[in-house]
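Given only the sequences and the hints, what does the whole structure look like? Please build it.
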Amino acid sequence: MSDIAPRETMRIRTTVAAALAATLLVMSLTACTQSEAEVRATCERALDNHSTLSFRPKACLDVPDEAYRTLLLVYELKAEGLD
Numbered sequence: 005m006s007d008i009a010p011r012e013t014m015r016i017r018t019t020v021a022a023a024l025a026a027t028l029l030v031m032s033l034t035a036c037t038q039s040e041a042e043v044r045a046t047c048e049r050a051l052d053n054h055s056t057l058s059f060r061p062k063a064c065l066d067v068p069d070e071a072y073r074t075l076l077l078v079y080e081l082k083a084e085g086l087d
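All letters in the sequence shown, in the order written, are residues 5 to 87 by the numbering used here.
One thing to keep in mind: the hints can contain errors.
[Said to hold, decoys possible] Okay, the calculated beta carbon distance ranges per label pair:
hint, residue 1, residue 2, range
1, E40, L86, 20 to 30 Å
2, T27, A71, 30 to 40 Å
3, K82, A21, 50 to 60 Å
4, K62, A21, 37 to 47 Å
5, T27, E80, 40 to 50 Å
6, T27, P68, 24 to 34 Å
7, T37, L57, 18 to 28 Å
8, A41, R15, 38 to 48 Å
9, V30, A50, 26 to 36 Å
10, R49, L29, 24 to 34 Å
11, L57, R15, 56 to 66 Å
12, P61, M14, 48 to 58 Å
13, T37, P61, 17 to 27 Å
In short, the hints are calculated from the structure, not lab data.
Even for Gly, the Cβ is constructed at its ideal location relative to N, Cα and C.
What follows is the structure in structure tokens.
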């Protein structure tokens, strides 16, 4: 028989299960988030002729104002053939 008491064994199992669950939760949360560069790239692809400073595509809502203005300016310059 084992020298570890049944209560101690259960405590160890519970601790290991909780640690595993926490690790999986952290991994799933970080896998679902986009980097700032990915958010900007998604926004850049969503820009169209209807995009303005006050009318942002949904993909651009998380982009900071200054970065959005820059992306919009670059889009407009490319649309005019001045890239």
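query = Can you give the numbers of the hints that this structure goes against, from lowest to highest?
reply = No numbers; nothing is violated.
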